[in-house]
Every structure is written in C-alpha cells, then in structure tokens.
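Starting from the given sequences, assemble the full structure and let the hints guide the process.
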Amino acid sequence: MNAIKRLFSLFNVVTLLLLIAAYTAYQTVQKPPAKPDAPKLQLAQQRDVKVKVYYSDAQVQSMKAETRTVQVTQENPGALAQAALNAWAGGPSAAGNLAVVPKGTAAPRVYIRGAHYFVDLPSAYLNLKYGSGGHLMLLCTLTRTLLETRGADVTFLVNGQDVETLGQLDLREAFTRQDCADQ
Amino acid sequence: MSFSVAPKHWRPLLLSAALLCAGIAGAQVALTRLNLAGAQVQSIGLYGAEYASRDVLSRLLTINQDGSLVRVEGYGHTLLLPIDEDNQRATTAFNTVQLDTLRVTGRTATFVNGTLYLPLDTLARGLGASYELGNFRVAAPNLQGVSSRAGKDSDRLVLDLTRDVAFKDELRGTTVQVTLSGLKGEARRYTTRGAFVPAAEVKAQGNDLVLSFPLPPGSGYRVYRVVRPGGARVVIDAGPGIPRNTVALLDRISRPLIVIDPARVDGLGRDVTLDVARRAAELLAKAGWQVKLTRETGSALGLNEKLTLARQSDVFLALDLGRFPGTGRGGVTVYEQTGRASAQIVNTLRAGTTPPYGSLVVGGSGGSRRLSELLRGELRGGGVTAKQDSVSRLLTLGEAPQAALLLELGWTGNAADRANLGTEARLQAMGVALARSVATYLTARANNASQLGAAGQAAQGATQ
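Taken in order, these protein sequences are the chains called A and B.
So that you can map any letter, position 6 of the first sequence is 6 in our numbering, and since no number is skipped, the others follow by simple counting.
So that you can map any letter, position 139 of the second sequence is 322 in our numbering, and since no number is skipped, the others follow by simple counting.
Misleading hints may appear alongside valid ones.
[Said to hold, decoys possible] Derived coverage of chain A by chain B (criterion: at least 3 residues anywhere in the stretch with Cβ under 8 Å from a Cβ of chain B; other residues may be distant):
#1 57-64
#2 125-138
#3 169-180
Rather than coming from a laboratory, the hints here were simulated on the basis of the structure.
Glycine residues also receive a C-beta, built at the ideal position from the N, C-alpha and C atoms.
This is the structure we're talking about:
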C-alpha cells in the first residue's frame, strides 16, 4: 500500500503530466503545415477604350486621325499608350489613310516618365528607306498619337539606344506638339 | 544861361560812344563785306588785312580753340594758328603758323572785342582756296582725272580732285565702291594695265560720284587721301599685296560656300540626286562660286563632317526623293524648314536683336524663303512645276545658319516621276534651276550687304 502511495507521489504525478505535455507539444510542432489552397485563376477583365491614332494621308502631306477602340486590362497611361501604338502599327481602318509602317512591322515599345514619353523603335525602323517627308510622317504620327491626351514630349530611341538621326531627321531632342503641328 | 548839346543824362552815353569810336579808330578796325564761298557775310579790315570771325567761318570750317592756339580743319587740311592778342602784331608776317605739315610765317588769329577773328589770306593759303580782298573762293569739287599704276602685287588708282571731299569705301560682294560726296565728274569707264584692277567705272549717283571695281579673290584694298595745295588725291591700292582689313565674316559675302547634300536613294538604276547635284555644282563652280558636295559615287561624308559643312554654308541644299509605302504622290517639292533650329546660336540670333555683322553669322528665315521662290521660279522656267511646303526637324537644315532648303526631286513610287527622272533633259533642267537660283540669290545678297570698310572711317574726319 505504501509502495502505491509512494509511486503516485505529488512529484511523480507532476513530472508525468509535464512529460505528457512536452510530448504533445513536440508532436504538434512536428506536424507539416497545412497546404494552402491555390488561388482560383481569374482572367483579367479587358475593357474597350477609345484612343485617337494618327496615320498618313494618301499624299504623305498631313496626318489623319482615326478613333480606334483598343482593349486594355488596366486603364493607365502606359497601357493606353502602348495599345495606341499597337493600333498605329497595325495600320488604318479608314479608306484613304496610309499605314505608316509596312504590315507586320513590330510596334514600338513605349515608356512613360512623368510627362515624357520614350518610344523605343525596333531596329527594323532604320531600314525603312523613307524619304525625309516619310520619316517625318512616321515620327510625327507617333508623337501626335501619344501626346493626344497627355504628356509634353516624345523621345525616340532605336533598339534601346540613343541615336542622332532617323534618315535625315534629328532625334537628339524630344519631339513636341509644335514639331508636328499641322501646316 | 547854359548851352548844352545834349541833355545832362545823355552825357555818359555819348562819352562811351566817343571812347568806343576812338578805340575802333585806334585799332584800325573797319567793317567790310565778304563773299565767303558764295555767301555774303561780314568781315573786318584790321590794319589793312581782312579778318572773319570764328562764327562766320564755322559755316565752312571746323574751328577749335585750344589754349592759345586755334585749330582749323576743312577740305582735308589742318591749320594751327597761334592767337596773338595784340591786334597789330597779329596782322604782321612775324607770326609762325602751321599749314598742314608746313610751318610758315603769316598773319595769325586775334581777338577783337572778345571775339576770335582769323586772317582770310592765311586761311586761303592753307586751305588751297583763292582769295582777294572781299572774295574768298573755294574750288568746286570736281574729278579732274583718273590715273593708274600697275604694280607687282598691287595696282593703284589715283583720282585727282580739285579739292578734298569726304569719301567712304565699301566692299559689296566682290566689288569695291568708293563714294565721293558732292563730287562732280564725267561718268565713264577706265581701263588700266594692271593685272589686279584691270578696269574701274565712275558713275554719278545723286550728288555723289561712285568709283567701283572688282576685287580679285584673296586681295585686299586700301583707300586714302593725299591733300596737296590746290587739290587733293584719293589713292586706291588693291591686289594680293595689300593686307585684307575686312572682318573675316565678310568672306561670307565675297566667297560664300554652297553645300549640296544629295541623299542616297537606291533602286532607281541611276543616282538621280547625285546627278542633279553634280550638274548644279559644275555650273556654279564654272561661274566662280565655291561649291561642296557631301557625297560622291564611292564616298560620303560622315554625319559630323556634313554638319560642319552645313554650319559653314551660306546656302545649303538637300536633295532627296520622296519615298513612302503605298502613296501615289508625285511631283517636285521645295521644302523650307520651320520651327526651332537645332543649332542654339541660330535660335538665339534669330530671336534677339541683330548685332553688327549678325546677319552674316545667322541669316533670317527670309533668306530661305527668297531662295525657295527663286528656285521654284527657275524650275518653272525649265518646265518643272514645283510645289512649296514646309518641313521640320531636318538635322542638316537646322544647323545651317543661312538659306537652307530641301528639294524633293520626285517620288520613287510614282511612275511618271520615275520616267521623268530617267531623262537627261529633266535632270539638266533641275541642275540649271538650282545653279541659277543660288547664283541669283547670293548675288542679290552681296549687293544688299553694305559693309563699311575700315578705311571708310577715316573719311569721317573730313568736314565736307
């Protein structure tokens, strides 16, 4: 009887409880975390936005604006500008207007820093072999398209690099609305 | 009872008058009339010599008093007369006066009643005028003759004048013009034996006489006067032996640079732009103009070299062909650059007030407009109808400080243009139109640009 009493002494009982608690805690922390559920894939919703895109007239003398509907997922200036340039490279839809670059030519990339646009022309644009008027039409339709709603000027790069000229045209300074005003 | 001739209060006045009369009589002063170069004026007789006051003589001469000396300038002469306050001594020949570089004895200046008077005979002697009592005559300015002398490295023209006159010399383009104010003479052409100034022409222009002659390239000229008793000479030396004293900017007038920049356009079979550029350049070079092309068949200048030429140019002509996919446009177009120029100096000078010679550094946009009109007119004369348009941001045109145009000779996508550009007659017509319009423009610009030469400033000293 004394032996049983001695076995279940207060010390032994407390120690046993602590041992059980430690074991339980150990088992708990050793469990792998539960796998989180994968987020459900949701397609970004594309919205239709109207932008004004400039092309050449048939005589390569003046710029003709077309209002085109483009789809963007985010309606921020960068996305709108890029969408407008994609439409520009794709060519006009109205009869009588001329595409400024041959069909299939890649659209330039556009970046925005504050009020300034930076347009990176693909190197294929160096091989277009336009006359001076043609090159001016190319750069001015881009400039007018981008500055239609916002921005101060457009700086042109070719293949990510600063270049001095495109054909005979001076690319050393940014193009402004004034450079491309209607005559 | 008293007998008085005048009231009592008149006595001091009469006494003063009597004293003044006595003084005048004592000074031997008599009022006389003088014909001074055609004008009736008052003079005085002083101890038998005739004197005129400074105010009277100032109509003809520049008279300045410097301490006890009077400096008289006129008709190319300078006289120095000492002032002797002793009237009687001033009228004697014991005074030394300086007539130009000569010191002689003669009557000199004096004060009479506080007014400066100068002796007419001494003045006439020093100025080369003729004088007799009551009559002071200055010879009418006439050109008596033109003589020449041929030298080893310069030629000399000598104009003999009855008296000195003011002149100014100008370099107008390649022509030296010497304008002699108020001079009369026969208008005629003179030929010389000189190698540098083979001929000179004298023409009347209003009240003046103008002598002009062409200045050979690389030559300088100088004009100066030689004043002698009884006449004057204007001497002109010109030739490579005379240092050029004109500002270097004037070379833009006398030796303008024409730059033609033909764009390279492949795929037409022949190099049309270069062909037209060469034809125009050949015609201009034959006429003595300085022409440079930016490209030849096998070589072309780099962008920096091309821009350097554009910046030095007086006329910059870019030749191009219109190219654009899908267009049926055709025809010849002359483009003028609009908007800001890429060169800062061009913008600054065109926007601000023009400093001296500023138009030779940067011409206004009117030059391009004038050249464009001339070019379209010449093209029309050659049977080529050209449209006028504007363009912006062309680098070479933006760097050119003077007249600059882009001439589009036609469009490669247009069948009629391609056919036209294949004919000799069309290319020749465009080359001739280019050359003629540039030559006409530069000649007119040279004629309009009137720059005073350094020697002309010397003429400012002359009073007549």
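Status of the hints after comparison with the structure:
Counting residues of the segment 57-64 of chain A whose CB lies closer than 8 Å to any CB of chain B gives 4, which reaches the minimum of 3, so the coverage claim holds. Counting residues of the segment 125-138 of chain A whose beta-carbon sits less than 8 Å from any beta-carbon of chain B gives 8, enough to reach three: the coverage restraint holds. Interface restraint, the segment 169-180 of chain A with chain B: holds (8 residues with C-beta to C-beta distance below 8 Å; minimum three).
Of the numbered hints stated above, none is contradicted by the structure.
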